[in-house]
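K.L.:
Sequence:
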Amino acid sequence: MAEGLQRSPATGRATGYDRVFVHDLVLDCEIGVYTNEKGVTQRVRFSVDVDLTPAASALDHNIERTFDYDLIIKGIKGIVAHGHISLVETLAEDVAALCLAHPRTATVTVRIEKLDKEPGAVGVEIRRGREG
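First residue of the sequence shown? That's 457 in our numbering, and the numbers climb one at a time after it.
To be clear, the hints were calculated from the coordinates, so they are not data collected in a lab. Only a predicted model underlies this, so the values are computations on that prediction, with no experimental measurement involved. Check each hint, because a few of them may be wrong.
Claimed, not checked - Cross-link-like lysine-lysine pairs, in silico, BS3-like; alpha carbons within 27 Å at most:
#1 494 to 530
#2 570 to 533
#3 573 to 494
#4 494 to 570
#5 573 to 533
#6 494 to 533
#7 530 to 573
#8 570 to 530
Kindly generate the complete structure, drawing on both the sequences and the hints.
P.N.:
Listed below in structure tokens is the structure:
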């Protein structure tokens with residue numbers, strides 16, 4: 457049995473999480489608190505991993521009933537389209553909240569990197585889960 461995979465004593469079925477992810481999505485964003493960051497865009501790289509409780513069925517191959525990567529991509533683009541964002545941390549929290557709004561989401565890890573700030577990348581990574 458794969459590491460981390462367990463079986464339910466009642467049903468014998470595998471338990472654990474499914475993962476949907478978007479890695480290395482780069483968008484132009486208006487982001488930053490400094491004067492030189494206002495009114496301009498910067499390249500920002502998004503990587504998002506969402507752990508989902510397994511679907512009760514195969515979802516009848518119906519994309520509208522699944523949590524898929526397009527939901528993440530469209531959600532990020534919608535957040536960015538609202539205009540200037542002061543803090544990378546705020547952007548990460550907004551992306552995490554978007555993913556946690558789906559009922560199957562157990563945890564989400566959001567990594568956001570500003571690519572034009574310094575040589576290399578700077579940013580934040582957060583991990584959030586359902587409370588309770």
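K.L.:
Regarding the pair residue 494 and residue 533, is the alpha-carbon distance no greater than 27 Å?
P.N.:
holds, 19 Å
K.L.:
For the pair we were handed, residue 573 and residue 533, check the Cα-Cα distance against 27 Å.
P.N.:
Measuring from Cα to Cα gives roughly 21 Å; hence the hint holds.
K.L.:
Is it true that the CA of residue 494 sits at most 27 Å from the CA of residue 570?
P.N.:
holds, 14 Å
K.L.:
Checking one constraint from the list: CA of residue 570 to CA of residue 533, max 27 Å. Satisfied?
P.N.:
holds, 16 Å
K.L.:
For the pair supplied as a hint, residue 530 and residue 573, is the alpha-carbon distance within the 27 Å limit?
P.N.:
Holds - the C-alpha atoms of residue 573 and residue 530 are around 25 Å apart, at most 27 Å.
K.L.:
For a C-alpha distance cap of 27 Å, please report whether residue 494 and residue 530 respect it.
P.N.:
holds, 24 Å
K.L.:
Checking one constraint from the list: CA of residue 573 to CA of residue 494, max 27 Å. Satisfied?
P.N.:
Holds - the C-alpha atoms of residue 494 and residue 573 are around 13 Å apart, at most 27 Å.
K.L.:
Hey, residue 570 versus residue 530, does the alpha-carbon distance stay inside 27 Å?
P.N.:
Answer holds: residue 570 to residue 530 is near 19 Å, not above 27 Å.
Violated hints are absent here; each numbered hint is respected by the structure.
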